[in-house]
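All chains, please: the whole structure from these sequences, using the hints.
First residue of the sequence shown: 1, per the numbering used here; consecutive thereafter.
Some hints here could point you the wrong way.
Said to hold, decoys possible - For lysine-lysine, the following DSSO-like pairs were computed, each having C-alpha atoms within a straight-line distance of at most 27 Å:
#, residue 1, residue 2
1, Lys-71, Lys-421
2, Lys-262, Lys-188
3, Lys-622, Lys-146
4, Lys-424, Lys-140
5, Lys-363, Lys-405
To be verified - Quick list of simulated restraints, FRET-style, between CB atoms:
#, residue 1, residue 2, range
6, Tyr-403, Asn-568, 58 to 64 Å
7, Thr-427, Leu-630, 38 to 44 Å
8, Val-550, Glu-511, 37 to 43 Å
9, Asn-385, Leu-429, 28 to 34 Å
10, Ile-704, Leu-117, 44 to 50 Å
11, Phe-634, Asn-282, 26 to 32 Å
12, Asn-115, Asn-329, 45 to 51 Å
Keep in mind the hints are simulated off the structure, nothing from the lab.
Since this is a predicted model, take the numbers as computed values, not measurements.
We put the beta carbon where it would ideally sit given N, CA and C, even for glycine.
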Amino acid sequence: MQHLFPKTIKCLFLTLCFHQLACQEIFAQISLQKKQQELEFRLLDSLNMHPIPYMQFLIKEFNPTGDSLQKTGITNEDGFSRISITNSSKIYFESILYSKHSVITNDLKSGIVNNILLIPLKNELKEIVVNDRPLYSVNKIEFRVKKIHKSQAPILRNFLKTLNGISLQSSNDKYLGKIIVFYLDGIKIESNLIKESAIESIEKLEIISAPDGEYWMKASEVIFNFISKKPKNPTVGIQTNTEYAMLFPYLSQNLGIYSLGKRSSFRASSLLYSYGQNVQNNLTQEINQIKSHSNQQLQTTTTPNFNTFIFNYNLDSLTTISFNFGYQNIRNSQNSDFTFSPLITESLDQLQSKSNRTYNKSKISNLLLFKRRNHKLFIRYDYGNTNIKNQYLDPNELNQATYEKSNSTYINYANRLQLSKLTKLNTTLSWENKNSYTQYNIQNDHSVASYFNSNFIGLRSIFATSHKNIFILIGGRLDLINQDFESNSTIYHRENQLRFLPTLSLQYESEKFGNFNFSINSDYILPDISQLATFSRRIDPFKSIIGNNVLDAEKSIDLSLTHTIKINQLDLSTEIGYNESNNQLGYSPYRFEENQLIHSYANVGKSKNMTFLFGSSLALNKSITCQLNLAQKFAQFNLNSLWDYSNFNSNWLPIFSISNSWEYQISTRFSASLNMYFDNYAYEFFETKRYFSPNTSLTFNGTIGRYWNISLLWNTIFANANLEKTVTSQQNYTSTSNYLTNYRYVSISVQKSFGKKHNNVPESSTADEVKRKFKTM
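What follows is the structure in structure tokens.
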């Protein structure tokens with residue numbers, strides 16, 4: 001027995017050990033079969049309750065065996081994240097902007113979104129945390145709006161001049177050859193108002209090159225959307241600007257006020273300017289072998305006035321209500337003196353004619369916007385009216401008056417569905433109703449009127465995803481259009497038109513080779529009531545124009561391939577594009593009736609454009625920067641089959657433009673810039689147009705004190721005019737016209753900025769800095 005007892009104890013001990021191991025294995029198997037738990041949380045700044053986007057976090061999941069599984073995650077742009085765990089875990093949050101924090105998952109509730117508050121560090125964030133560089137997404141480029149040099153006025157106009165590929169002109173601002181449409185916080189705004197806004201109030205610029213869930217632009221357009229700052233400290237700023245031209249009728253005045261707070265903000269701007277032009281036109285005509293010569297002296301004065309008020313209020317961290325009110329008024333007057341010979345019989349006698357034209361257009365816009373996380377609803381109502389009066393003396397007096405009024409209601413709802421971390425689906429439903437009325441009077445006793453009504457329902461859906469450095473956007477827009485037109489003699493109802501517009505954008509980003517973007521966009525243009533109204537309007541002693549109520553919509557498709565790259569201090573951009581327009585809206589051939597040349601609006605045919613663009617920006621040193629933009633285009637025009645002209649030329653026409661600018665920093669407070677621009681334009685259907693616009697200007701900028709900026713501009717140093725040459729060649733009619741527009745002037749601009757200065761580094765910019773850091777890494 002004594003010998004058996006130790007063996008028995010040993011056997012019992014081994015049995016207990018095996019039993020314990022078996023229990024541990026069963027317990028581990030049971031734990032592995034536990035159901036996964038889905039938890040949702042949102043990171044919020046404890047100071048202002050704003051979401052904290054793009055913050056990385058670490059999850060440590062503890063197993064019964066004592067080991068821990070580590071996983072990482074990141075919040076989205078709304079500070080939201082969803083995790084799946086099986087066992088008790090601990091989440092660690094660490095950032096240079098917030099104090100360290102950790103959360104045990106047992107303290108979080110499933111089925112709801114848990115709010116986790118992080119305490120911001122007291123030390124102030126510097127203006128640039130990491131190396132600043134553009135951010136690319138599927139159809140968007142983001143630029144931080146940085147402070148410009150002290151010598152220049154701190155307005156967005158001067159910031160835009162620093163962007164590669166941009167060309168700021170008086171008529172159209174362009175980026176990589178496309179017309180810029182300006183937005184502020186997602187709301188369309190007049191270009192002159194946003195360009196005069198203070199840099200201090202803007203955080204970043206989004207350049208949107210292709211349609212998405214929120215924006216849809218024409219093939220020839222690009223959207224510049226400026227995003228306001230959300231400062232740590234409430235701030236108020238006021239900016240005034242006055243520009244006066246010497247020996248030239250030009251005057252500009254601007255007043256801008258902004259207030260940026262934690263929950264609310266508002267902006268108010270008013271811009272009034274006046275300018276005049278002197279135009280000379282020499283015209284040679286021939287009809288049925290009878291020649292006529294005329295000379296026109298035209299003086300024009302234009303006085304536009306733009307006003308806007310924008311108010312934003314944050315109900316909570318994810319919900320915003322915005323209201324936008326806009327009013328604009330444009331006045332124009334023209335006085336012309338004609339010396340001409342008649343077209344009826346060949347004669348050397350010269351006749352005299354005068355004409356006076358006044359144009360007054362007013363428009364009021366109201367927009368209400370409600371935005372919450374993935375939802376966006378806005379309602380817009382516009383009302384406008386236009387008065388045009390013409391008086392001709394040749395030598396009999398002829399009075400014409402046109403009155404137009406229109407109103408439109410637009411409702412738009414957009415929804416964003418996040419399918420995965422890198423994939424989203426944007427859907428937008430739109431409805432628009434537009435009513436127009438125009439009335440035409442001649443000699444104050446005979447009047448005709450036209451009515452136009454249009455209803456539009458649009459549905460667009462955009463699917464966007466990315467994989468590594470490749471971004472894909474594909475979608476389309478489906479429009480249902482109903483139009484009615486009525487005049488004194490015509491009632492015309494168009495059948496419902498259903499149009500589908502596809503869009504595609506592919507983008508590839510490489511640190512070494514730069515950014516590549518390929519896009520396909522399509523759009524259409526509907527004729528407006530001024531083109532549909534069928535009454536005849538006098539243009540000059542020889543010509544009249546008549547409307548056409550059976551015009552079709554102009555359709556277009558655009559393909560472009562763009563490449564941008566930054567090499568040290570050198571920025572390069574290139575683009576190859578193709579555009580095709582069908583049923584292009586234009587003018588029909590002239591016909592001779594009652595001693596007048598009459599033509600009408602028409603769908604004249606098809607045009608094609610091939611575009612090659614190159615842009616570069618180089619900082620030679622700390623004092624000198626240079627920009628160069630080149631554009632070479634080829635245009636081809638083909639007539640509608642309704643007109644068959646054997647002498648019509650459908651060859652490809654060359655079009656060329658160039659802009660070059662130099663910036664020299666003389667000292668801390670003074671700088672000088674030289675800008676040279678040349679553009680030509682070609683158009684050819686029933687007439688061939690050539691437009692030449694040379695422009696060279698020299699500007700001196702200076703700062704006096706803390707808030708005063710002065711600019712001295714000498715416009716058109718070497719060339720002093722635009723030249724437009726039109727050659728018309730039709731069956732029995734030919735003409736050559738030369739328009740010369742003078743616009744040389746010297747102007748002085750005084751800019752005043754004042755308001756309490758704060759360290760207004762925006763809180764929302766922390767997300768951009770995190771993204772920039774990840775891109776750099």
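Against the structure, the hints:
Taking the CA atoms of Lys-71 and Lys-421, the gap is near 16 Å; set against the 27 Å cutoff, the hint holds. A hinted pair counts as satisfied when its Cα atoms are at most 27 Å apart, and Lys-262 with Lys-188 qualifies at roughly 23 Å. A C-alpha spacing of about 16 Å is found between Lys-622 and Lys-146, which places the hinted pair at or below 27 Å, so the restraint holds. Between the alpha carbons of Lys-424 and Lys-140 the distance comes to roughly 15 Å, so the proposed pair stays at or under 27 Å and holds.
Annotation: proposed proximity of Lys-363 to Lys-405 holds, straight-line Cα distance about 10 Å (limit 27 Å). A hinted range of 58 to 64 Å holds for the C-beta pair Tyr-403 and Asn-568, which are about 60 Å apart. A C-beta distance of roughly 40 Å is found between Thr-427 and Leu-630, which places it inside the suggested range of 38 to 44 Å. The supplied range of 37 to 43 Å is broken by Val-550 and Glu-511, whose beta-carbon atoms lie about 55 Å from each other.
Distance hint check for Asn-385 and Leu-429: the Cβ-Cβ separation is about 30 Å, which falls inside the suggested range of 28 to 34 Å. For Ile-704 paired with Leu-117, a C-beta distance near 47 Å keeps the hint of 44 to 50 Å intact. In this structure the supplied range 26 to 32 Å holds for Phe-634 paired with Asn-282, their Cβ-Cβ distance being about 29 Å. Look at Asn-115 against Asn-329: about 48 Å separates their beta carbons, and that is inside 45 to 51 Å.
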